[in-house]
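Taking the hints into account, I'd like the entire structure generated from these sequences.
For reference, the chains in residue letters:
2 protein chains.
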Amino acid sequence: MNFMKIPTFNDIKIAHSRIKNSINHTPIMSSSYINSITNSKIYFKCENFQKIGAFKYRGATNSVLSLTDEEAFSGVATHSSGNHAQALALAALKRNIKAYIVMPNNAPSVKINAVKDYGAEIIFCEPTLAERESTLNRIVKETNAKFIHPFKHFEVIAGQGTVALEIFEEIDNLDLIVAPVGGGGLISGTTIATLHLSPRTKILAAEPEGADDAFRSFYGDKLVPSLTPDTICDGLLTSLGEINFQIIKKSVSEIFTANDFEIIEAMKIVWERMKIIIEPSSAVSLAIILKNKDYFKNQKIAIILSGGNVDLNKLPW
Amino acid sequence: MNFMKIPTFNDIKIAHSRIKNSINHTPIMSSSYINSITNSKIYFKCENFQKIGAFKYRGATNSVLSLTDEEAFSGVATHSSGNHAQALALAALKRNIKAYIVMPNNAPSVKINAVKDYGAEIIFCEPTLAERESTLNRIVKETNAKFIHPFKHFEVIAGQGTVALEIFEEIDNLDLIVAPVGGGGLISGTTIATLHLSPRTKILAAEPEGADDAFRSFYGDKLVPSLTPDTICDGLLTSLGEINFQIIKKSVSEIFTANDFEIIEAMKIVWERMKIIIEPSSAVSLAIILKNKDYFKNQKIAIILSGGNVDLNKLPW
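Chains A and B, in that order, give the protein sequences. Under this note's numbering, the first residue of the first sequence carries the number 1, and numbering increases by one thereafter. Under this note's numbering, the first residue of the second sequence carries the number 1, and numbering increases by one thereafter.
Just so you know, the hints here were simulated from the structure itself, not pulled from any lab data. Only a predicted model underlies this, so the values are computations on that prediction, with no experimental measurement involved. Some hints here could point you the wrong way.
No copy labels: a pair is met if it fits in one copy or bridges any two.
Claimed, not checked - Here are the simulated BS3-like cross-link-like pairs (lysine-lysine), alpha carbons at most 30 Å apart as the crow flies:
#1 98 with 146
#2 41 with 116
#3 94 with 297
#4 314 with 111
#5 314 with 291
#6 111 with 293
Right, dumping it as structure tokens:
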């Protein structure tokens with residue numbers, strides 16, 4: 001089962017040299033207002049400014065660029081209706097290879113169009129995990145395309161780890177680093193990079209209450225799925241992956257949760273005070289800080305803002 | 001009439017060293033999508049990330065910091081319901097002096113509260129220019145505060161010129177530099193800096209059709225006021241100042257206008273593609289480029305994004 005091979009820090013370093021000319025080196029921003037209300041010093045790593053508007057472009061690009069020409073010839077495939085679909089489609093387009101994206105037939109047209117714009121072939125299926133997986137298996141069989149799993153794939157995890165790598169290149173002596181957790185690709189890469197580059201920095205995960213399977217798995221010490229997720233954080237609905245659970249259960253210090261009301265409030269503070277657009281999934285990290293001020297006060301904290309893809313016609317306030 | 005003294009480039013340099021530790025050195029961003037649809041290379045100077053969310057903080061800070069201790073003792077005063085009010089209030093707070101802000105009694109409470117939050121004293125008046133001016137004169141007489149005009153004041157113009165100074169520090173060989181024009185403080189400072197630092201760069205102003213007094217003044221060669229402005233660009237409603245007209249009529253190459261529909265469309269493109277929040281007044285510059293693609297194609301262009309203060313509960317789409 002090749003999903004279970006865990007990247008090392010060296011894989012993240014290799015990923016970074018492989019992708020660094022293809023991605024945006026995103027800025028780190030801060031807000032004196034947010035520092036003042038939290039009594040802390042927060043550095044926001046702005047992956048909302050990444051290509052396709054989310055960190056997912058790092059893992060997808062690393063996966064596509066690590067294929068041999070022979071492997072690349074048959075293209076890549078995945079099932080996703082979110083940022084990973086767009087990321088893989090664009091990464092494939094840049095390498096001039098085919099991308100097959102399995103999407104549920106109830107996906108919003110804005111997401112379908114974004115993937116189509118990058119020239120990917122979309123295969124629709126019924127909106128269940130079983131259907132997605134069986135459709136994907138059929139496509140892979142028919143086309144011989146390489147399946148790039150959104151968060152379990154080795155090169156995806158290594159690619160997502162480059163976010164933390166860039167943070168530690170710029171900021172030292174961090175007390176805490178906080179990333180949201182959905183399937184766990186980002187927090188896994190963050191964990192591997194942080195353990196190597198700054199062992200004293202505590203690694204925290206932030207999760208919406210309405211999809212708290214990582215929280216329950218972590219504290220119950222047993223992987224449990226996200227059965228009926230219900231949260232505004234559309235990037236964090238998926239269940240934590242097995243390999244991702246293996247990585248984080250040893251090395252993440254805590255998982256905190258926040259409810260949608262708290263997440264929306266944090267999201268609005270970032271929009272109003274920092275003048276940047278982040279999606280709800282990105283706001284969970286600030287939400288847990290605002291909710292647990294005593295825990296976070298007087299700390300030097302990095303927050304990974306995971307993405308900025310929101311429908312501007314349907315804002316949650 | 002001390003309004004009529006025109007700053008030189010040296011005044012802008014002095015302003016920059018005076019304020020540079022008090023302001024945000026704002027980033028310059030670009031968007032491959034926007035470059036592709038305009039067939040140009042656009043550099044966006046992000047003054048929406050400036051303190052108080054607008055470039056106005058530069059001019060206000062320069063004005064406050066240039067006062068002698070004796071002058072500063074009596075505080076500063078202005079009439080404004082917009083970004084200059086907040087800017088002067090915060091600049092005064094940082095120097096620990098009083099700020100008196102004359103505001104129309106129909107100003108939105110969100111703006112009143114923002115100014116109050118910075119500890120300024122607000123004096124309400126009837127919402128006419130005559131009332132604003134007479135109330136301000138009374139306050140200045142009573143308190144001996146120094147009047148800092150929003151766009152005619154010498155140190156304000158010099159301060160706003162530091163935006164272009166920072167642009168040319170980072171980007172060379174610009175074909176065009178574009179700034180919005182309301183009262184004309186920003187375009188005046190931009191003009192002075194550009195003529196000195198990059199004489200080959202054409203200076204363009206962008207103005208909403210619904211408040212096109214600068215356009216009419218410029219092409220009619222006679223200063224005409226903005227009598228019944230009607231535009232979503234709440235930062236560009238004021239009439240062009242006399243000194244500002246003197247500065248720009250010689251050295252600005254063109255003034256282009258766009259209507260509110262075009263401005264809102266440009267604003268939404270920036271939000272969606274660049275993931276940053278800009279106010280309508282900031283979007284006029286991109287709107288005129290999208291509207292006049294032949295004029296702007298194959299050009300290396302700097303756009304000054306003037307600010308990002310919008311009511312997130314009342315978006316124009």
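Cross-check of the supplied hints:
no.: 1; hint: 98 with 146; in the structure: within (10 Å within a copy, 66 Å between copies)
no.: 2; hint: 41 with 116; in the structure: between (41 Å within a copy, 26 Å between copies)
no.: 3; hint: 94 with 297; in the structure: between (44 Å within a copy, 24 Å between copies)
no.: 4; hint: 314 with 111; in the structure: both (14 Å within a copy, 25 Å between copies)
no.: 5; hint: 314 with 291; in the structure: both (25 Å within a copy, 27 Å between copies)
no.: 6; hint: 111 with 293; in the structure: between (36 Å within a copy, 28 Å between copies)
In summary, the structure agrees with every hint in the numbered list given earlier.
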